[in-house]
Structure formats: C-alpha cells, structure tokens
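Asker: The lines below spell out each chain.
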Amino acid sequence: NAGVTQTPKFRVLKTGQSMTLLCAQDMNHEYMYWYRQDPGMGLRLIHYSVGEGTTAKGEVPDGYNVSRLKKQNFLLGLESAAPSQTSVYFCASSPIADEQFFGPGTRLTVL
Amino acid sequence: GENVEQHPSTLSVQEGDSAVIKCTYSDSASNYFPWYKQELGKRPQLIIDIRSNVGEKKDQRIAVTLNKTAKHFSLHITETQPEDSAVYFCAATVNAGKSTFGDGTTLTVKP
Chain A
1 NAGVTQTPKF RVLKTGQSMT LLCAQDMNHE YMYWYRQDPG MGLRLIHYSV
51 GEGTTAKGEV PDGYNVSRLK KQNFLLGLES AAPSQTSVYF CASSPIADEQ
101 FFGPGTRLTV L
Chain B
1 GENVEQHPST LSVQEGDSAV IKCTYSDSAS NYFPWYKQEL GKRPQLIIDI
51 RSNVGEKKDQ RIAVTLNKTA KHFSLHITET QPEDSAVYFC AATVNAGKST
101 FGDGTTLTVK P
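These protein sequence lines map, in sequence, to chains A and B. Going by the numbering used here, the first sequence opens with residue 1, and the numbers climb by one from there. Going by the numbering used here, the second sequence opens with residue 1, and the numbers climb by one from there.
Treat the hints as calculated values from the structure; they're not laboratory data. Be careful, since some hints might not be right.
Below, computed lysine-lysine pairings styled on BS3-like, alpha-carbon distance capped at 30 Å [stated by the list, open to error]: (1) B/Lys42 - A/Lys9; (2) B/Lys22 - B/Lys57; (3) A/Lys57 - B/Lys22; (4) B/Lys42 - A/Lys57; (5) B/Lys42 - B/Lys22; (6) A/Lys71 - B/Lys42; (7) B/Lys110 - B/Lys37; (8) A/Lys70 - A/Lys9; (9) B/Lys37 - A/Lys71; (10) B/Lys37 - A/Lys9; (11) B/Lys37 - A/Lys57; (12) B/Lys68 - B/Lys22; (13) A/Lys57 - B/Lys68; (14) B/Lys42 - A/Lys14; (15) A/Lys70 - B/Lys42; (16) A/Lys57 - B/Lys71.
Covered stretches of chain B, going by a simulated chain A footprint (3 or more residues, C-beta under 8 Å) [what the hints assert, rightly or not]: (17) 44-50; (18) 101-109.
In this text, a Cβ means the ideal position worked out from N, Cα and C, and glycines have one as well.
Given the sequences, and given the hints that come with them, work out the whole structure.
Answerer: See below:
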C-alpha cells in the first residue's frame, strides 16, 4: 500500500497562474482533507470531503476549490495564485472521523 | 467555530526528564482529541489519541489526559529521549472528522 500520496512535491508559480494539486489514497477511506501549514502555525483546514462527490469548506477556503469525483482522489485547485498562498499543503484521509493519515506534503511557492 | 490553544510553543528538557504539553478547546461538541508528532520536513503522524468518554490513556512512555469540564487535555512524555525531539500538535475534532489544530510545540530533548 502506498498510503496517501501527493503530486507534485514542489512547485513554483507566478502570481495569477493556476494549478491543481492531486491527492490519492489506496486505503478506501471515506474522508479526505486538505490543509495548509505555515511557519509557526498548525495545520489549517482548507476543504474536506466526507465521501465521493461531496465537498465542504474548512477554516480557510477562500482562493481554493476542490473536487472529489472518485473516492480515492481529492483535488485542490488554485485558480489565480497569490503570494499569500505560499505554504506547505498536506492532504489527509481517514476511514471514519478519527485518526488522519497524512501525505508527504507539497511545497508551493508563489512569486 | 472551534478554537484550540496550545502551550508552550517551545519546550526544552534534559534527556530522561518528563515533558508536558497542554491544550484547551472551546467547542463542547468536540469528542476526539488526537496528538500528532511532526519531525522536520516530514508529515504529521498520530502518536496517541483520546475520546471524550475517557479521562486518561497511556501507551508506554506517552500518556494523554482529558478534562471535559475544563475543556483541556494534555500530553505527557516520560523518560524523554533525543528522538522525541519534534513538533507536537494537538487537535480537537467535531463531526465529520473536522479537526482544529493547535499551533504546535517544538520539543527539544538535550542529550
């Protein structure tokens, strides 16, 4: 089992560009999450999904969109990147509403 | 929404000493309280968790206590070792596994 994987691992964007981060899990988990982690801060929830075809807003959803067309994949989109979106992005999944299994993270820099 | 405060932000101990990290939460509906350890450049990983119907849980050198009335929970690490050095995050979880994280505690264990 690969667990939770994220693509890409690193990315540099210019202000205004768009991109999609892919999260994939092979554990058949129902719940999936996208977080951002900034220096000196904890993980802040961007969006989450409680099952295929569902999405919901977290604490900091502005500037991001998500889709969960397949149970194993959760996509995070940035339509028009801004320097404030420079961060490390973590995806996570869980079978039920308890322990979350995290991916390795994506380091995004917006110039 | 939920608010989680974590203290201290940094903690330095001698090898063999104990370390205690405390968190408070605001939403009385929170019912699951995990603790994650994050080593530098790595993903967060669960080290211990507790549910709202339990007051204390122990796993070898690690223990967690929960006081629902006061809305606080604590992580206790005994006989600390250099490999315990990391950032520790607490979280409070409501429905759908929606977790709010503390800002983290950087623990340094000096040999």
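Asker: Between A/Lys70 and A/Lys9, is the straight-line Cα distance small enough, at 30 Å or below?
Answerer: Given that 30 Å is the threshold and the Cα spacing comes to 21 Å, the pair holds.
Asker: So if I understand the rule, the pair passes when the alpha-carbon distance is 30 Å or less; does B/Lys42 with A/Lys9 pass?
Answerer: Roughly 12 Å separates the two Cα atoms, so the pair holds.
Asker: Given the hinted pair A/Lys57 and B/Lys68, is their Cα-Cα distance within 30 Å?
Answerer: 27 Å, holds
Asker: Tell me whether the statement that chain A covers the segment 44-50 of chain B is true, taking a Cβ distance below 8 Å and needing three residues at minimum.
Answerer: holds (count 4)
Asker: Run the distance test for B/Lys37 versus A/Lys71: straight-line Cα separation, threshold 30 Å.
Answerer: 27 Å, holds
Asker: Taking beta carbons only, do three or more residues of the segment 101-109 of chain B come closer than 8 Å to chain A?
Answerer: holds (count 4)
Asker: Would the hint linking A/Lys70 and B/Lys42 be met if the CA-CA limit is 30 Å?
Answerer: 27 Å, holds
Asker: Given the hint that B/Lys42 pairs with A/Lys57, does the C-alpha gap stay at or below 30 Å?
Answerer: Holds - the C-alpha atoms of A/Lys57 and B/Lys42 are around 26 Å apart, at most 30 Å.
Asker: Straight-line Cα separation of B/Lys110 and B/Lys37 no greater than 30 Å?
Answerer: Within the cut-off at roughly 18 Å; holds.
Asker: Is A/Lys57 within 30 Å of B/Lys71, Cα to Cα?
Answerer: 25 Å, holds
Asker: Do the alpha carbons of A/Lys57 and B/Lys22 lie within 30 Å of each other, as the hint requires?
Answerer: 28 Å, holds
Asker: Assess, step by step, whether the Cα of A/Lys71 is no farther than 30 Å from the Cα of B/Lys42, and give holds or violated.
Answerer: Answer holds: A/Lys71 to B/Lys42 is near 25 Å, not above 30 Å.
Going through the hint list in order, the structure satisfies each hint without exception.
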